[in-house]
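Residue numbers (the numbering used here), protein chains in the order written: chain A, 450 to 800; chain B, 450 to 800; chain C, 450 to 800.
You may find that some hints are simply not true.
Given that identical chains are not distinguished, each listed pair holds provided it fits within a single copy or across any two copies.
[Stated by the list, open to error] Quick list of in silico lysine to aspartate or glutamate cross-link-like pairs, EDC-like style, CA-CA up to 16 Å:
id : residue 1 : residue 2
1  : Lys654    : Asp453
2  : Lys749    : Asp648
3  : Lys696    : Asp500
Quick caveat, the hints were computed from the structure, so don't treat them as lab data.
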Amino acid sequence: LSEDKAERGNYFEDFRLGQIFDHATPRTVTEGDAALYLALTGSRFAVHSSDPFAQAIGYKRAPLDDFLAFHLVFGKTVADISLNAIANLGYADGRFGVPLYPGDTIRAHSEVIGLRENSNRKSGIVYVRSRGVNQNGETIVDYVRWVMVAKRDPAAQAPSPHIPTLPDAVPPETLIVPAGLDPTPYDRALSGSRFGFDDYQPGEKIDHRDGMTLEEAEHAMATRLYQNNARVHFDAFQARTQSEGGKRLVYGGHVISLARALSCNGLGNAFHVAAINAGRHVAPAHAGDTIYAWSEILAKAELPGRRDFGALRLRTIATKDRPCADFPDKNGDAYDSAVVLDLDYWVLMPL
Amino acid sequence: LSEDKAERGNYFEDFRLGQIFDHATPRTVTEGDAALYLALTGSRFAVHSSDPFAQAIGYKRAPLDDFLAFHLVFGKTVADISLNAIANLGYADGRFGVPLYPGDTIRAHSEVIGLRENSNRKSGIVYVRSRGVNQNGETIVDYVRWVMVAKRDPAAQAPSPHIPTLPDAVPPETLIVPAGLDPTPYDRALSGSRFGFDDYQPGEKIDHRDGMTLEEAEHAMATRLYQNNARVHFDAFQARTQSEGGKRLVYGGHVISLARALSCNGLGNAFHVAAINAGRHVAPAHAGDTIYAWSEILAKAELPGRRDFGALRLRTIATKDRPCADFPDKNGDAYDSAVVLDLDYWVLMPL
Amino acid sequence: LSEDKAERGNYFEDFRLGQIFDHATPRTVTEGDAALYLALTGSRFAVHSSDPFAQAIGYKRAPLDDFLAFHLVFGKTVADISLNAIANLGYADGRFGVPLYPGDTIRAHSEVIGLRENSNRKSGIVYVRSRGVNQNGETIVDYVRWVMVAKRDPAAQAPSPHIPTLPDAVPPETLIVPAGLDPTPYDRALSGSRFGFDDYQPGEKIDHRDGMTLEEAEHAMATRLYQNNARVHFDAFQARTQSEGGKRLVYGGHVISLARALSCNGLGNAFHVAAINAGRHVAPAHAGDTIYAWSEILAKAELPGRRDFGALRLRTIATKDRPCADFPDKNGDAYDSAVVLDLDYWVLMPL
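The following block holds chain A by itself, in its conformation from the complex:
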């Protein structure tokens, strides 16, 4: 039957605990991806902008942005995991491994590590650990996400519930430092920020000040670049006909990238994202929204055997159409209505 040829994706009842997915499509990344990422996000971190700057501190050359790597891996998981997603609920226990360089080829795999049907029996939560590897099998990024997936048939039998135990945060002593990294020659005039690890204190809040307005063409180009084929990002006809005035949803990862790029103003020496502790897309973003961001220093950690740089645990909040000079946040479980993203992560920064 012809309808078998075009994939409809997996529904909640199709998943099994321990199930492994080897995702399509392998992807060789290039300088073209790097240029597009820059043009789509406005990132200005020196290590991703300049080969000599990156080489001076021990990289082979300018690595691709950490979140570009993340999105490429995430994109590959969509066809198997979340084509029938109702909502992308969260991330945890994400660690970045080897840098991703132009010329490397990414593949991705996922394992189902948790399943729980919702009480309405129309959907369930799927927990997966996804891993992106390069052509040598080295891990680029490894993370857990959970997502609410529709059932094809509400009457279908659901597997017995299993909710994985996840750490609140990646322990800093397990952060992976790219091999050969030596930030001694790190040049703070070139990076554009004079502040290093020692200048930041837990509890400190930073308003990143700038705003970036989203356009349909931009988030759609970014999401296609990642070969993420979730139709909610692309099909305005469906969005319009399914709810009055409906618009395409912006891929949440694009908001993460914008928030990270905005954070360069205030955290310009946070040259590497080492881990994702937790992340939540608090509210959807749409074309026309202007994204702002602020960050809080949650913790500082020295790294085993390293006296040249340390790790900052950051919480970055992104909002839409609301500048962040007064740090909009949540009260208990209720977020300020402008908040779209709450991301908890570790970055590396020279001392």
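On the provided structure of chain A, position chains B and C as indicated by the hints.
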């Protein structure tokens, strides 16, 4: 006179049967073009995404998308052939030759192979055979198109009519198989589709399901990337002032690329477009339209001496703002009002 | 204090005559930048499109577009010079040096060469000479611009006024010819224009005919590609809330690039921009505007010891929503209301 310096393009009465054009502008293609093509179309075919995947089946590295090559060649022909076009009427007898790789340089030539004035004497049909070659003079793609071109002066003498004889389809035994191609190691887990040549039957119809909404910035960027300078794609002021509510026309080739990218869902192993048998832009597309597509298997052909893959003759129909679950088509000569493209072509697919 | 971490940029009273800025962020340019520039501007000059074409006349390979180099340098100066700019007033004495190739890394420096407080004491004019260099310290482009910058505190003491002496135009005998350049094999069939240096006469005017409509996503992508972080180009929420119906300002350099790209139709052999004599953004451009352009030949100059090419001094005027068949210009100081750009520059062209 200054007005001589800025080209106004050729009018119908300027063309002569047998006339040869060596088109400007030579173009070295790069990984940047490949990344942009992916970001603009959402293509997910593995062979164009991954160097190792492409190398495993005999390519030097990931070739650029076949239609990207086609558009680059087409773009070069515009300044000489169709700057004064009223409508791009059709394609025929198109064959793809050697793969196009990053670093190659494209040039293009055309020969006028047919001319016929319209009865209103205000315009005429120009038939050209266009050929794109790489820096070694090897043919990348070779095709016939015909286009209705305005006359500068309705009273001008027209050449005697000559309509070329064109095949209904490219005979499958003349399809060009890229040298060294050996799809034995072709990996259907990585390509994202488990279906091969043997799984498809003539008459089978496939709804590609997904929809892709067009934005002005997207089609304009694609068309500029191809250095196609037909002003109808770029000048909104002219479009608005020449007809109320008028909008820029989307380059028909961008719709072809979107339809091909959408077809990955259902034809994910159709890794190479080998020929264009016929093509018609049934109706214009504009920014805001959401493109859907479905395909029919018109025929299957084994290739001389090849037991590892075969050729499928496909007809892909693209629509705007109309999902294709019920395969909107034509009745006699009258197309469903949503149809924008009817493309007949050969693809290669592993057995 | 956290507010120290996010840069607010310099205000007028922060500048000192003779002050030197070593700007962040170093940037390695790639084929990805070249492809994006082409997709965003529609440029069709052969020397930037084809490696063999460029090599035939003595370049190492296709250099990046001259204005792409300029914008990358300009972008780096923004964080230090013009984050609090009210208006970018003009350019002068700009000369292009060595070609910029993929793989090169750009850095930028500026010196404050003039300061003058405005009579209202709320702002002042800052004159800077900015210089972009490659990884070998060779100058890519060197130019003066002046910009009106707000004061943080109107009561702040201003430095004594100093207005630099600037030439009306770069003397043609000081134009820098890229080393090794030999346009003897320059192929006018491939470049798309049959006109050379000898065909142009001072006083001649050329309507470039085509129009290019600006989209928000396009100018924002271009401006982010240059890592220009002036918020007026990106933050639609601020634009909307600060003035009713307010829209983001298009980076004036994007209009320069569009005008240069449009000028290919009429000046297709002006293969290299050698100097910027003067430039003025007469009026702002916004998304939705359609840019047109015309040029006047101001002067012709032979170059010392060169019989193979000469320099044309051009004035290119760009308009919005107004075709240029009748060469809209200024009467005294009053420009036609459609004019957005008045650019005076030298180009090289084969004889």
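Tell me the numbers of any earlier hints that the structure contravenes, in ascending order. Per hint list: single violation, 3.
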